[in-house]
Amino acid sequence: MHEVLAISWSDVITKDFVGSAIRIVVLLFVGFPLILTFAAIVGRSTRKRLTPQASMLIRKGIVYFGSIVIFIAVLNQSGFRLTALLGAAGIVGIAIGFASQTSVSNIISGLFLISEKPFAVGDIIQVGDTKGVILSIDLLSVKLRTFDNHFIRIPNEALIKNEVRNITRFPVRRLDIHVGVAYKEDVERVRKVLLDIAQKNPLCLDEPEPAVRFINFGDSALEFLYAVWCVREDYIKLQTKIMQQIKERFDAEGIEIPFPHRTLYTGSVTEPLPVHIVPDKTGKSKKLG
Amino acid sequence: MDVEFWKPHRIQQGQCLEAQVGPLKLWVRRKGDELHIAVRRLTDSNDLTKALAPQIASEQEPVDLDWGRWVCKNCKEVVLTPVTPDRPVVVRPEMPVKIPPREQALFFVSIPIWIRIAAGDGEHVRLCEEPSVNLSNIWFGDPMSGDLCYSLRSRARREISDSQVDIHRAVCPVTIRNNAIGQVEIERFCVHVAHLSVYPGASRLWTNGVKITFKGEAEISQLEYEEKPPTYETVDKALSGPRTPVKKRLLKRSLGSFGLFGA
Chain A
1 MHEVLAISWS DVITKDFVGS AIRIVVLLFV GFPLILTFAA IVGRSTRKRL TPQASMLIRK
61 GIVYFGSIVI FIAVLNQSGF RLTALLGAAG IVGIAIGFAS QTSVSNIISG LFLISEKPFA
121 VGDIIQVGDT KGVILSIDLL SVKLRTFDNH FIRIPNEALI KNEVRNITRF PVRRLDIHVG
181 VAYKEDVERV RKVLLDIAQK NPLCLDEPEP AVRFINFGDS ALEFLYAVWC VREDYIKLQT
241 KIMQQIKERF DAEGIEIPFP HRTLYTGSVT EPLPVHIVPD KTGKSKKLG
Chain B
290 MDVEFWKPHR IQQGQCLEAQ VGPLKLWVRR KGDELHIAVR RLTDSNDLTK ALAPQIASEQ
350 EPVDLDWGRW VCKNCKEVVL TPVTPDRPVV VRPEMPVKIP PREQALFFVS IPIWIRIAAG
410 DGEHVRLCEE PSVNLSNIWF GDPMSGDLCY SLRSRARREI SDSQVDIHRA VCPVTIRNNA
470 IGQVEIERFC VHVAHLSVYP GASRLWTNGV KITFKGEAEI SQLEYEEKPP TYETVDKALS
530 GPRTPVKKRL LKRSLGSFGL FGA
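The listed protein sequences derive, respectively, from chains A and B. Throughout the first sequence, residue numbering follows this note's numbering, covering 1 to 289 in sequence. Throughout the second sequence, residue numbering follows this note's numbering, covering 290 to 552 in sequence.
Looking at chain B on its own, in the form it has when it is part of the complex (with noise of 0.2 angstroms):
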């Protein structure tokens, strides 16, 4: 993982910096004492994979895009930064995983991360976050309580040498523990990412491990945050920290089926 990619940017007045982020693409340009973003999602497969670090950008701008606008008199430098998503993402694997009790399982999740872009001279202020890909929203818990989340249909990995290499998500190892009587079959989780940081490792992006610890249907799950880095590949130090400070255990809601709405 090029750690180049989220270092601050030179801009000059009058230059518009470009930048790819697997599926998220982004124009940045400095007029005046303001600077102009602009962001589009691109839909070609080829361009889901790629990236591309910010630099003057070659050609003229799409004379389509959205601009948005921000005052910012010494904004001479520009920098994007990995963070996690705004809300919790409910992974729902491709295959149900069925959890014997007392056993647990290692799952490697790509969570599609979002851009923070921030600019300043040494000193940035945060501008505005985009997501990479746009998720589709969940509501996890019943219809009178619960939680806005953003749904991710995952393979749910169990190696993370089958994990595919994309710039645009980070990894998130989760351990599901089973303690309760009979076996779970994991339909769904919550992941509350507001409690990762993200690390740019040698290959891809990470964050901290989460463990769930199942304790049947009718109690909450325990939730548990590694503070430290995960292990899995040499990492470097925290690109983005937890957006909500970590509480080492935590009691919620993390897994279940609910089938109470009757549509």
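With the rest of the complex left out, here is chain A (with noise of 0.2 angstroms):
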């Protein structure tokens, strides 16, 4: 058993083993900066040329291609038969296929929605519920920050199969603002006092000319839609600005803001009931009808 055992140093560092030895640690340690430094160099160069996601697209190609490729020599530096490991992977390929198929499925929807670009970083979009800016666009999924600072992870392929809202696309758009008033109150004049509301504020844009369309007979308010345009910059500061002045301006123009009205019926053969209870001076209620 001792005679087995005993190996000594000599027999298992061979020349070839501190060949071998060395050539795997170059690898590692002179192949990865070098792909990495290969990989920043082309980064840069296309980063003027192309969009930062084909970019980051090519710069990730170089590492994960030149990573393989190191690990594969390595590989053979240590001695395993490639052709036997090619085919056991080929078989732990298939298995790990079907169990990341969402995955992949990510990866595939990534590489349409690069080359499509119907968004890019900085752009806010809005995807159901969630509205943010682009943060990054990664092949598994796109990154936003909402606007009260949460981090949210949208997978690729839910992108490509739900609609999305791309709000900073164009740079103009239309704030849209519904506007009742009483029934009492003159068309015309509602009209022309929201226009002219418009016209006085400079964030609002001249053209496209801001509109006020009458849209209904709504339950308790003549109902209409005021649009007016801006800079896509502007858009929040003109929404709070435009719905302050249209409230004074309404006020100082005796314009009235309907609530809600409902009539109560007790019956087609009932009498209303006029009740009115006022405080008498003694502070104790008094009834009048």
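Treat each hint with caution, since some may be false.
With a straight-line cut-off of 30 angstroms between C-alpha atoms, the simulated DSSO-like cross-links for lysine-lysine are [unchecked claim]:
#1 B:LYS517 to B:LYS296
#2 A:LYS48 to A:LYS131
#3 B:LYS314 to A:LYS241
#4 B:LYS314 to A:LYS237
#5 A:LYS60 to A:LYS48
#6 A:LYS143 to A:LYS237
#7 A:LYS237 to A:LYS247
#8 A:LYS200 to B:LYS296
#9 B:LYS362 to B:LYS314
#10 B:LYS387 to A:LYS200
#11 B:LYS296 to B:LYS314
#12 A:LYS192 to B:LYS387
#13 B:LYS314 to A:LYS200
In short, the hints are calculated from the structure, not lab data.
Combine the two chains into a complex, taking the hints into account.
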């Protein structure tokens, strides 16, 4: 037993072994930094010519491809038989493929998103109820920062399948405000007042022209759609400002913004009962009828 | 036009200068190594034509001004300079004008200037720019691409003698030539004021002339900027140069009606 285990270091550390070990160390410690440097150089040179997503894709492709080449070379130097390994990898690959359908779907969706370019980093998008600024478009997912500073990761597959609204794609936006006024108000006067508010607000574009549409006889109000245009950067500022201006101007002009009205009946034969309760000087209620 | 208005004015420690350029009133105060600047836009119609060259404030400045602060160690002089607005101006004549083919028309457009405030001692550093009038925004082009411009309602006078003299406006002579097959109706035209200089004339401020050649609805207009100062009255050397260097000929969309928005 002792004779079997008595292997001297000189038997193990042969010239071939030392040579392989050195090659492996060189591959790992020189190869990886070289790949990363090369990827960074390519990334920097393509950044100006291509979109950030395409540049990122090329950079990551170089890193992944280079890493696989180094990994295979290291295995080869370690004495593994690659043919057997690749055969085993094929079987494992099928198993992993079944298990990672979602990931593959996300990767393919990511490639479609990158080629189709429905949005770019920095755009504001809305997916379902989620609205935010795009931080990055990666192979598996898109990362968003919401306006209340949450980090949201949306899988690429979900973006391909669902409706995505790019809010900042075009330079100008329309702000739609629903305005209701009392039935007694003069429709033409309301229209003129609303157009005047838009004309006096410098954030509101003169063209495309603001529009006031009388859209409905509501339950308790005449309903208007008030549509004004602004550049996308001014949207929130204009929304806040113009709502306040509408309220102030309507108050000044005596235009009533009504509350919902409801008439109660107690039956066709019943007379309505006018009841008016007022406090008397002693603080006690006095009923008049 | 009093050229002295635009010359450097000395300001001592603790002093406050006030000036008025039409509806724009401004105050510049020197305090320690800082300059404080405040502006106010006046709405009284009597104030709109007033001009007050920078001078030591005759009375205490209003208490409700919004002051801006600049660190400026050697700011012994303050200079006001009239400059063109920082974005193109879309001129909308009150009455649209029609120009038949192969005809041209000259319009005198009064563009509200901006005031550049600079300070220093011999060599002046730009501190800020203030519009004399806050013009509304307008989008010139279709909703997917175009330019954000300032909107200017104008009478687009054909004779300079009809045009009112305002210190806060510079007159830009715009010639529009119709080289298209049909007549063109001028509802609006865009003046890319970044390529214009401002000159002091005998009675008013001027910019160099612009010639817009209309070639058809689907075509882009050709713009030509005159390099020489206008010749409609005697003018001195330019008070301010163009914001963007002039290319004599440009191809840009300068005329047109855009009905694509559908509110």
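Can you give the numbers of the hints that this structure goes against, from lowest to highest? Hint 8 contradicted; others consistent.
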